[in-house]
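Number of protein chains: 2
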Amino acid sequence: MTTIALLLFPNLTQLDLTGPYEVFSRCPDTTVHLVWKTMAPVVTEHGMQILPTATFADLPQADVLCVPGGFGVNPLLNDAETIAYVQQLARSARFVTSVCTGALLLGAAGLLRGRKATTHWTAHHMLAEFGATPMHARVVTDGNVITGGGVTAGIDFALTAVATMFDRRLAEAIQLGIEYNPAPPFDAGHPDVAPADMVAAMREKGAPRVAERLALVRQAVARLNA
Amino acid sequence: MTTIALLLFPNLTQLDLTGPYEVFSRCPDTTVHLVWKTMAPVVTEHGMQILPTATFADLPQADVLCVPGGFGVNPLLNDAETIAYVQQLARSARFVTSVCTGALLLGAAGLLRGRKATTHWTAHHMLAEFGATPMHARVVTDGNVITGGGVTAGIDFALTAVATMFDRRLAEAIQLGIEYNPAPPFDAGHPDVAPADMVAAMREKGAPRVAERLALVRQAVARLNA
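Each protein sequence line maps, in turn, to chains A and B.
Here the first sequence stands for residues 1 to 226, where the numbers follow the numbering used here.
Here the second sequence stands for residues 227 to 452, where the numbers follow the numbering used here.
Keep in mind that the hints are not guaranteed to be accurate.
[Stated by the list, open to error] Quick list of the computed label-pair ranges, beta carbon to beta carbon:
1. B:A452 / A:H136: 41 to 51 Å
2. A:D29 / B:H362: 28 to 38 Å
3. B:G357 / A:T133: 53 to 63 Å
4. A:A201 / B:A437: 31 to 41 Å
[Stated by the list, open to error] Selected chain A positions facing chain B (in silico; Cβ < 10 Å):
5. D16
6. L17
7. T18
8. S25
9. Q49
10. T53
11. C100
12. G150
13. A171
14. F186
15. A188
16. M198
Hints were generated in silico from the structure; no laboratory data involved.
For glycine and all other residues, C-beta sits at the position ideal for the given N, C-alpha and C.
Start from the sequences and build out the full structure, keeping to the hints where you can.
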C-alpha cells in the first residue's frame, strides 16, 4: 500500500492539486490523502471548496509528500505548524514533491538545499534563495525530490512521478485513461513562447505580488539560517 | 457578467470539472457555479469531495452550460430531474458544452442531434446513437455546442471556449498564467499513439462497462424518441 499526502490549504491553486490527484488516484493499492490542519472545507483560490480527508495529526507519515502551489503558499512559508508537518513527512517519505509554487514551501522547510528544482515561472528565481538550483524544465527529478512547473505541469509531473515510484507502463496506462494527448489551441503557455508584450504586461501587473512573496521567502530563509 | 454553470454530480471524474474550472475562473466579470441538486458535498469518482455553490433551483439559467464526464454520468442519462435541468439551461445558454463523457448527457437531453461532437475515446462511438457526428478531434465546435475529448482535453476545450466566448488574447493570457505548455513524459495519451497491446487490454477490461453504458444510452434514445 502506498500512501500519498497532498497538502490541501486555503487559497491554493486547485488545478495544482487536482491534476496530480487524478493521476495518483488511479495507481493500484494507493491511498491519496488531502491533508490539512482541520477537517473543515478548504476554500481554494477561486472559491472551489474541497474537503480534507485527514488532519496533520491523523497522518503522521506518508510514502509521498506532494505540495501544490498558489498564493495560499505565502502565509505558510513562515507558519510553524505547517513547516513542522512538512519536515515531519519529509523525514520518512520515499519522495518529496511539489507542483508550481508548492516548491517554495519545500524550500521554506529546508528541503531544497543543494537540489535542482523548478516552480511556476513567476517564482522561478526565488528557488535560489533556498539554496536550490532553478532548472528550466517542466519536471525536475533530483534524487527523491521531484518538482513540477506551474499549474498544468502537475499532470506531466504526476505521470513522471508514477513512472518513478511505480513503473512506466502504469504511467502510460493512466495517460491513456485520462486521454492526455494535449493539443493546446494556442502557443502561449510559457514566457519563452507567449507574445512578448503579454509576458511583459503580466510581469508588470504581478510585480507587487512577486515582491511581497520574495520578502516572505527571505524571511523563511532567515529563519532557516537562524 | 458571464455566468457559467458547471454540473457537479456524484462519481464524476474530477479533472473533467477542475480543468475547465481553473480556466473559466480566470475570466473577468465571470461567475463559475458548481451546480447540483443539493448543497451537500459531492463525492467524485476517486473520493475527492467538492461543495456545490448552487442548486438547480438557485440557478434557473446561465450563459454557459458545461457538463463534465465520468461514470457518474451513467445514472443521469435517464434521470428526469437532471435531464430537465440540462434542457432548461440549454434553452437560454449562449454555449452548451461538455468535457469527456459529459457529452453523453448532452446527447440524452437531445442537444446533440445533427451536431458534430467528441467525447472520451471509450465512448466515442456512442455519440452516433444520439444523432451526433462523432469527430476525431480533441475539441469540436459546432455552432454554440463545444465538446471536448477525455479528461485532460478539458483544458484544451476551456481555452478554446474562452477564445470563442471572450477573445483569443484572454485565452492566451490564461494559458500563460496556468503555464500550459505541455510536455507529456510519454506518448500514450490516445489509442492512436499508445502501445497497441495496452489499448487492447484496456478495451477488453472496459468492455463490460462500455456495454452497460451503451444500454443506458439506448434507453435514453428510446425515451427521446417516445
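Quick rundown of the hints versus the structure:
no.	hint	in the structure
1	B:A452 / A:H136: 41 to 51 Å	violated, 59 Å
2	A:D29 / B:H362: 28 to 38 Å	holds, 35 Å
3	B:G357 / A:T133: 53 to 63 Å	holds, 57 Å
4	A:A201 / B:A437: 31 to 41 Å	violated, 52 Å
5	D16	holds, 9 Å
6	L17	holds, 8 Å
7	T18	holds, 4 Å
8	S25	holds, 4 Å
9	Q49	holds, 4 Å
10	T53	holds, 7 Å
11	C100	holds, 8 Å
12	G150	holds, 3 Å
13	A171	holds, 6 Å
14	F186	holds, 5 Å
15	A188	holds, 4 Å
16	M198	holds, 6 Å
Hint compliance for this structure: hints 1 and 4 are not met, and every other hint is.
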